[in-house]
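Asks: Go ahead and model the full structure; you've got the sequences and the hints to work with.
Chains as they are written, first to last, in the numbering used here: chain S, 1 to 195; chain G, 196 to 445; chain A, 446 to 726.
Hints may be right or wrong, so weigh each one.
[Claimed, not checked] Straight-line Cα separation of at most 25 angstroms, DSS-like style, residue types lysine-lysine; simulated pairs: (1) G:352 - S:31; (2) G:355 - S:173; (3) A:462 - A:509; (4) S:4 - A:505.
[What the hints assert, rightly or not] Taking beta-carbon pairs under 10 angstroms as the criterion, some of the chain S residues facing chain G (in silico): (5) 17; (6) 18; (7) 22; (8) 60; (9) 80; (10) 83; (11) 96; (12) 126; (13) 163; (14) 183; (15) 189.
[Said to hold, decoys possible] Computed list of chain G residues with no C-beta within reach of chain S, every gap over 12 angstroms: (16) 209; (17) 234; (18) 267; (19) 270; (20) 287; (21) 300; (22) 309; (23) 311; (24) 364; (25) 423; (26) 425; (27) 439; (28) 442; (29) 443.
Think of the hints as simulated: they come from the structure by calculation, not from any bench.
All C-beta atoms, glycine included, are put in the ideal place defined by N, C-alpha and C.
Here are the chains, one letter per residue:
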Amino acid sequence: MGKKLGMMTILLIPICIAINFVGGQIVTLLKLPVYLDVIGTILAAALTGPIGGAIVGLVTNLILGITNPVLIPFAVVNVAVGIVAGLCAQKGGFRTVKGTALTSVAIWAIVQITAVPLTVILFGGVAGGGSSVITGFFLAAGKGLWEAVFSQSIIVETVDKIISTFIAFFIIKRIGASTLLKFSLGSKYVDEATE
Amino acid sequence: MNKEKGIISKIYPLSKLVVIMVLAVTAILWGDYRFGYFIVLPLLVFLAALEGKFFSYTKKMIGAMIIMCTFIFIIKGLFDPSDEILWQFAFIGVKKEGIESALRLTSIIFSLGGSILLFFETTDLEDFMISLQKAGMSHVGSFIFLSTLQMIPQFAKKSKVIMQAQRARGIETEGNLLVRMKAFFPMLTPLIISSITDIEDKVITMEARAFSVDVKKTYLRVLNIKTSDYVIVVSSFILFVIFLVWRYIV
Amino acid sequence: MKALEVVNVTYKYPIAKENVLENISFSVNKGEFVAIVGRNGCGKTTLCNILRGFIPSFHKGKFKGNVLINEKDINEMSMGEIAVEVGFVFQNPFIQVSGVKNSVFHEVAYGLENLGMAREEIIERTDKILKDLKMDDLRDKHPVELSGGQRQRVALASVLVMDPNILIIDEPTSQLDPQSTEKVFEIIRLLKEKNKTIILVEHKIDLISEYADRVILIDNKKIVFDDLAKKVLARKEVMSYGVNLPQVAKAGIRFEEQTGQELDFIPSVLKDAISVFKKYV
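Replies: Here you go:
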C-alpha cells in the first residue's frame, strides 16, 4: 500500500473493517443464523476496486487475530472475497440487481474455493464452533472429510454471501452522488443524466 | 504514558516477533506434539506469568482455541479413516491415528496461536506500528491499523444507540427470523452512510494535518532498539540453526 | 504584500447544474482579518475550499481562474508547502480528529510528526501551543472523551501548532454553545494579535464587527460588498442578503428612522456607538 491508494480509499478502509466487525456483532445480538461479516470487504471493493477490498479483508482478519489467532489464516478467504468483488465491480457488477446477483455467485464460489481447503488442510476440517457440528453430521453419515466440509460450507455460506452482497448493493444506492464520485469506482453508480 | 512495563513488554516489538516466529516454525517442523504441549505451552504461560498476566492470558488462550481444538479431537478421533481403535465405547470407536494426528495439529495451533496471543498481550500496538514503520512500512499502513482500532468500539457503541432508537420507534428486534432479519438493515445502514459521507471532511482534516506530505515521518513516542534486543534475535537464530542441524542432519 | 489572491474564479460542482461562484476576485493583505458573510448555501464554504486548494483537486468539477498564496500560484505548491502556510479549520468538531491518537497532546503533535519534525521541537511547540491556547488541562485526555467545544479547540491547536501564516476558519462555532464560542473567539483574538492573516466565515455578526478588518458579502454567486468591516456592517441593505447587522448598527438605523435625525455615521461596534450617541443624551 502507499501513495497510490488516495485519501478517500485510505479513510474508507477503517470504516469498512469496522463494518465487518459490527455486522458480525449485530448478527449475534439479533441471533441470526448467518455471519454477515464481510459486508465491509464487499463494500470497499465495490467502491474502490480489488486492492481496497483486499486490504479490508486482510486487516479485518489480522485484527481478529489479535484476540483469536486461529482466524488469521482465514484472511486468505476474506482477501479473496475483496479481490473477486473488486474485479466484478470494475466490470459494473454492482450497478444492477442482476449484476449484483452474478457478483454474489462469484463471491460465493471464491469462498468455497478458498475456505474448504483451508479448513481441511490446516484445521482437519474444523471451522469455528457451531458449523463443525454440521461437518460432524456429514462425517457420521459416512461422507469423506472433503465432502463433509464442502457440504457444511455450502449450507452455512450460500445465503450469507448472497445477503451480504445485496446489502452492499443497497448501501451504495443510498450514498450521495457527490460522495460516490470521489471514490475510484463511484462514477459507475451515479446516473449520467445528472452529470 | 510511561507506566511500568514488564520484562517482555520492554523487548523491541520486531525482536519479539522474530522470537515468536522462530518458536512457531520450530513447533511446526518438529512435528512432535510433546514439544508443543510440554515445552512451548508451559514456556508461554510462564512468560505471561512473568508479566503478571497469568490469568488474563490463560483465559484468552482458552477462549480463543479450546472449542476449535475439542472439535479437532472429536472429528479426527471418531472419523479418521484408519482402523486401529484406541478406545471403544459401545458403538463409538476412537481411532488411535486420529487422536495422534489431533494431538499434533492442536499442539501446533496452541504453540502458534499462543505465541501470537502473548505477543499482542505484551506489545503496545502503537509501538508495534512504529517499529514496522521504522522497518519501512508506509505510514498509511500504520494509520489504517490504528484508526481501525479506534473505529471499531466507536462503531459498536453507535450501533447500540441506533438499535435502542429503532426499538423506540417500534422496529422489532426480537421475534421470528424474518422480523430479526429485517431489523438488521436499519441498524447498520444509517451508521455506514453517515460515516462514508463524513469521509470527505475527514480527507480535508487529514490534509490540514499534513498527512500526505512526502517526508520521512518522525515519532513523538520514543522507541529504541537496545543491545539486548539484538542479542535476543541473534540467539534465537542460533538456537534455530542448532535445531535444524539436530533435526535434519544428525 | 498580498497573502492571498483570488483572480476571476468561477466554479461548478461535478453534478450541479449551475455555478456556485462566478468571477470572484479579491485579495487579502498579510496580517489582514477578513470575514466572509452571506446566507446559507451562498458558497462561503466552497470559497474556503478554493482558497485552500481542495477545489478543484479534491472536489473536482469545473474550475476557472487562479488562486495565489504569497503571490505564488497554488498549483505550483506542494502539499507540504500548503499545509505549512495555510491552516484550515471547519465547522464539524467531531470529524476533525485524526482518530489514531490516544491523548490531546499526541493529537496536537500529529501534524508535526507528519512534517517529519525533530522530536524535541515537536514537544516544545506542542507544549507552547497548549499553553498559549490555555488548554493544558486537556493535555492527557483522550480525544474521544472531549466535548464539541473542546474538540474544536483541539482542532484549532492541531493546525496552529504548525504555525501557518494564513488561517482559513469556516464557521468554527456553528455547532458550539455560547461559552465554547467565546473560547474559540479568544483563540482567534490571539491569532490577530500575532498578526496572522485570517479568513473567517461566521454568522455571529457581533463578533465579526468586533474583530474583522474587512467584510466580504457574497450573494447569488458574486461578491456584493467588499469593504472595511465598519462600512459594510453599517449598511441597511446587508440585511436584505440574509445577513444580520450588529446590534449597535441596528440601533443606529432605527434611531435615524424614528427620529428623522441623521447620525454622524452608523456605528458597528460598541465603542463607536457610545461616541455617536453621546451628543443625543
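Asks: For every hint, state whether the structure bears it out.
Replies: Against the structure, the hints come out as follows:
1. This hinted pair checks out: residue 352 (chain G) and residue 31 (chain S) have alpha carbons roughly 18 angstroms apart, not beyond 25 angstroms.
2. For the hint linking residue 355 (chain G) to residue 173 (chain S), the alpha-carbon distance of about 24 angstroms falls within 25 angstroms, and the restraint holds.
3. For a cut-off of 25 angstroms, the pair hint linking residue 462 (chain A) to residue 509 (chain A) stands: about 16 angstroms separates their Cα positions.
4. For a cut-off of 25 angstroms, the pair hint linking residue 4 (chain S) to residue 505 (chain A) stands: about 18 angstroms separates their Cα positions.
5. For residue 17 (chain S), the interface hint holds, since its Cβ comes within 10 angstroms of a Cβ in chain G; the closest pair sits about 5 angstroms apart.
6. At its closest, the beta carbon of residue 18 (chain S) sits 4 angstroms from a beta carbon of chain G; the interface hint therefore holds under the 10 angstroms criterion.
7. The interface hint given for residue 22 (chain S) is met, as the beta carbon of that residue sits about 5 angstroms from the closest beta carbon of chain G, less than 10 angstroms.
8. Residue-level restraint check for residue 60 (chain S) holds (minimum Cβ-Cβ distance to chain G is 8 angstroms; threshold 10 angstroms).
9. With its C-beta approaching chain G no nearer than about 20 angstroms, residue 80 (chain S) sits outside the 10 angstroms limit, and its interface hint is violated.
10. The beta carbon of residue 83 (chain S) comes no nearer than 18 angstroms to any beta carbon in chain G, farther than 10 angstroms, and the hint placing it at the interface is violated.
11. Because the beta carbon of residue 96 (chain S) sits about 20 angstroms from the nearest beta carbon in chain G, more than 10 angstroms, this interface hint is broken.
12. A hinted interface residue such as residue 126 (chain S) counts as satisfied when its beta carbon comes closer than 10 angstroms to some beta carbon of chain G; here the least separation is about 4 angstroms, so the hint holds.
13. Hint on residue 163 (chain S) holds. Least Cβ distance to chain G is approximately 8 angstroms, under the 10 angstroms limit.
14. For residue 183 (chain S), the interface hint holds, since its Cβ comes within 10 angstroms of a Cβ in chain G; the closest pair sits about 9 angstroms apart.
15. Hint status for residue 189 (chain S) relative to chain G: violated, with the closest Cβ pair at about 12 angstroms, above 10 angstroms.
16. Look at residue 209 (chain G): its CB is around 16 angstroms from the nearest CB on chain S, clear of 12 angstroms, so calling it non-interface holds up.
17. The Cβ of residue 234 (chain G) lies farther than 12 angstroms from every Cβ of chain S, with a closest approach of about 19 angstroms, so its non-interface assignment holds.
18. With 12 angstroms as the threshold on Cβ separation, the claim that residue 267 (chain G) sits away from chain S is violated: the shortest Cβ distance comes to roughly 5 angstroms.
19. The Cβ of residue 270 (chain G) does not lie farther than 12 angstroms from every Cβ of chain S; its closest approach is about 5 angstroms, which violates its non-interface assignment.
20. Interface exclusion of residue 287 (chain G) from chain S breaks down, the closest Cβ pair being 10 angstroms apart, not more than 12 angstroms.
21. Once the 12 angstroms rule is applied to beta carbons, residue 300 (chain G) is inconsistent with being away from chain S; the minimum gap is 5 angstroms.
22. With a least beta-carbon separation of about 8 angstroms from chain S, residue 309 (chain G) fails to lie farther than 12 angstroms from that chain, contradicting its non-interface assignment.
23. Some Cβ of chain S comes within 12 angstroms of the Cβ of residue 311 (chain G); the nearest lies about 4 angstroms off, and the non-interface call is violated.
24. The beta carbon of residue 364 (chain G) sits about 16 angstroms from the closest Cβ of chain S, which is more than 12 angstroms, so the claim that it is off the interface holds.
25. Annotated as non-interface, residue 423 (chain G) keeps its C-beta farther than 12 angstroms from every C-beta of chain S; the closest such distance is 25 angstroms.
26. Non-interface status of residue 425 (chain G) relative to chain S is upheld: no Cβ of that chain comes within 12 angstroms, the nearest being about 26 angstroms off.
27. For residue 439 (chain G), the condition that its CB be more than 12 angstroms from all CB atoms of chain S holds, with the nearest at approximately 23 angstroms.
28. Chain S leaves residue 442 (chain G) outside its interface by the beta-carbon criterion, the shortest separation being 22 angstroms against a cut-off of 12 angstroms.
29. Chain S leaves residue 443 (chain G) outside its interface by the beta-carbon criterion, the shortest separation being 23 angstroms against a cut-off of 12 angstroms.
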